[in-house]
Amino acid sequence: MEPIIERAIPVLKNRFQPIKIDSSLVVNDLIKYKHFMNRPRVKERLITERETFLSRLLESMSARRREFSERLSSGDVPMGRYLTEIAAKIIWIHQ
9 MEPIIERAIP
19 VLKNRFQPIK
29 IDSSLVVNDL
39 IKYKHFMNRP
49 RVKERLITER
59 ETFLSRLLES
69 MSARRREFSE
79 RLSSGDVPMG
89 RYLTEIAAKI
99 IWIHQ
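Numbering (my numbering), first residue to last: 9 to 103.
Just so you know, not all the hints are guaranteed correct.
[Stated by the list, open to error] Pairs of lysine-lysine residues, derived as BS3-like cross-links and limited to a Cα-Cα distance of at most 30 Å, are as follows:
1. K42 / K21
2. K51 / K40
3. K40 / K21
4. K21 / K51
Hint data in this document are derived by calculation from the structure and do not stem from the laboratory.
Working from the sequences, and respecting the hints, build out all of it.
Written out as structure tokens, the structure reads:
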């Protein structure tokens, strides 16, 4: 199992590089590889990539939360042609 881990670690490091990541795609990758990522050897080798990703994810979540609060308080939610205000907010949230 060790040779497989040694070959997989550079591939995972490349996938989680901060320049290339899109938060939603990396979250899907983390879910897909969660059992592999929980191995002690992999955990210790990818600690910096994990920490970098988590900090960027937290920043992204806080920015979206701020945007959500600001838009709801200002009433600046895009309205559809035949949508009620509540329906427009629900559609905006899902986007």
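Given hint K21 paired with K40 - CA-CA distance at most 30 Å: Holds - the C-alpha atoms of K21 and K40 are around 15 Å apart, at most 30 Å.
Hinted pair K51 and K40, Cα distance within 30 Å: 15 Å, holds
Pair hint K42 and K21, alpha-carbon separation not exceeding 30 Å: 14 Å, holds
Hint consistency between K21 and K51 [alpha-carbon to alpha-carbon, up to 30 Å]: OK: K21 and K51 at ~12 Å, within 30 Å.
In this structure, every one of the numbered hints holds.
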